[in-house]
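A.B. asks: Sequence:
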Amino acid sequence: MSKPYSLHLLISAFGIEIFCTQVLFIYTPLHFIFNGGDSVIGSFLRALAYIGPVLFGYYIGVLVDRFEKRRLGYIISVVLGATAACYSIRLPDQTLAETFLFLGAVSVGTYFLNNLRSSVLPSVALASQLPRMNAMLLVTENVALIVAPLIASLLLSLSSPRMGFLGIAALFCSSSLLYALALPRRPTQPGQTQRKTGSFAQNLGTLTSNKPLLHLVFVVMGNNAFTGVYLLYVIINAVETGLFDTRNAPNILVSFAVGAIISGLTAEKAIAFFGNRNLALLCCAFMAISGALPLIAPSHAAFFTSAFLVGFFESYVVIAAWTLRQTVVPAEVLGRVTGITSALFKVSMVVAIPIAGLLGEHLNSKMAILFGICAALLGTAPMALRMVRDHSGANRVDTPSPD
Numbered sequence: 001m002s003k004p005y006s007l008h009l010l011i012s013a014f015g016i017e018i019f020c021t022q023v024l025f026i027y028t029p030l031h032f033i034f035n036g037g038d039s040v041i042g043s044f045l046r047a048l049a050y051i052g053p054v055l056f057g058y059y060i061g062v063l064v065d066r067f068e069k070r071r072l073g074y075i076i077s078v079v080l081g082a083t084a085a086c087y088s089i090r091l092p093d094q095t096l097a098e099t100f101l102f103l104g105a106v107s108v109g110t111y112f113l114n115n116l117r118s119s120v121l122p123s124v125a126l127a128s129q130l131p132r133m134n135a136m137l138l139v140t141e142n143v144a145l146i147v148a149p150l151i152a153s154l155l156l157s158l159s160s161p162r163m164g165f166l167g168i169a170a171l172f173c174s175s176s177l178l179y180a181l182a183l184p185r186r187p188t189q190p191g192q193t194q195r196k197t198g199s200f201a202q203n204l205g206t207l208t209s210n211k212p213l214l215h216l217v218f219v220v221m222g223n224n225a226f227t228g229v230y231l232l233y234v235i236i237n238a239v240e241t242g243l244f245d246t247r248n249a250p251n252i253l254v255s256f257a258v259g260a261i262i263s264g265l266t267a268e269k270a271i272a273f274f275g276n277r278n279l280a281l282l283c284c285a286f287m288a289i290s291g292a293l294p295l296i297a298p299s300h301a302a303f304f305t306s307a308f309l310v311g312f313f314e315s316y317v318v319i320a321a322w323t324l325r326q327t328v329v330p331a332e333v334l335g336r337v338t339g340i341t342s343a344l345f346k347v348s349m350v351v352a353i354p355i356a357g358l359l360g361e362h363l364n365s366k367m368a369i370l371f372g373i374c375a376a377l378l379g380t381a382p383m384a385l386r387m388v389r390d391h392s393g394a395n396r397v398d399t400p401s402p403d
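According to this note's numbering, the stretch in the sequence shown is residues 1 to 403, in order.
Quick list of the computed label-pair ranges, beta carbon to beta carbon: (1) MET367 x SER299: 19 to 25 Å; (2) PHE200 x SER299: 47 to 53 Å; (3) GLY36 x ALA301: 27 to 33 Å; (4) ASN248 x ALA97: 27 to 33 Å; (5) ALA292 x GLY36: 28 to 34 Å; (6) MET163 x PHE200: 41 to 47 Å; (7) PHE100 x LEU154: 20 to 26 Å; (8) MET163 x LEU96: 21 to 27 Å; (9) LEU358 x PRO92: 25 to 31 Å; (10) LEU377 x LEU101: 31 to 37 Å; (11) GLU98 x GLY36: 15 to 21 Å; (12) LEU154 x SER174: 16 to 22 Å.
What the hints contain is simulated information worked out from the structure, not anything from laboratory work.
Every residue, glycine too, gets a C-beta built ideally from N, C-alpha and C.
Start from the sequences and build out the full structure, keeping to the hints where you can.
C.D. replies: So this is what it looks like as structure tokens:
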């Protein structure tokens, strides 16, 4: 099968999975909170989206590196479909424990597929094509994010979302066919497993030895902490202001997705022009300002503009990190290192969103968003300090000594 055809199928599978996941993780915490549930528990439901890579990221990476990726993609997609179908049978009488288990399973399963896709992408695209391919993935993700809030809003208006969840189950199953078609059968060659074996410390060393990549990981951690908090609490804040009701507030995320799509379409040139570090710092600064707009002057325009700009700036950072990771990490350990970096990317969300939940519960949603802004700025500190040191060192070298 040709590489362009495989790429299109992989991107299509990703679009299906991210759409299903976004619907689940937008609808479920909002339904819980809007029906009188505790904001902290609602935040934990949202944070479950990231529990898969945080707890199991490295071990999932080991499995992805070791086993046939075609079979893994097919089996995991079918399991996700079956899990969604079983959960839908319980609706609308599901328990909170069942909801936690279901969302946790979805988080683990979809991260399995994300790691697999990141690992096979360098084998179906040239190194020079990676920024464009990663941008296409991010554009696909945010096209799905345009549709997902609309479907989540529809489900919020229904007394029982059972048919919607059954539809999600069917979509997960359809993505399994795409993996079967996109990826060839590649059985492990004799001795291959031995070459791939490495300890956690060795694979962590692969990351920490590359300072530009490590500093960009810190930036993405702050970026993701802010984004995870913002995507939940900008909706809650919009409802609290009285400008939106619970059914149309999720539509703010459509503006976020449009900004991210435009960012994805221009990311390749932006990275080439500014470079990874300069672009990351600029984007985080502008993202922080953008996130504060509805807090300063709440209005319909402020909420939609803020979401658009946050989506635009945060996507540049993510694409830069994905591309650098795929470029500098050896292919035989890419799954493991992807697991480590993904765990770091998401652990910031798992920590930040419940803290924001506490702030939202005991203070207000504005404080939760401000906390997220501070996290984004904190993530830039190691890279900013390194750039200042590099600049100071360059000035000392360039300064002529006195006669």
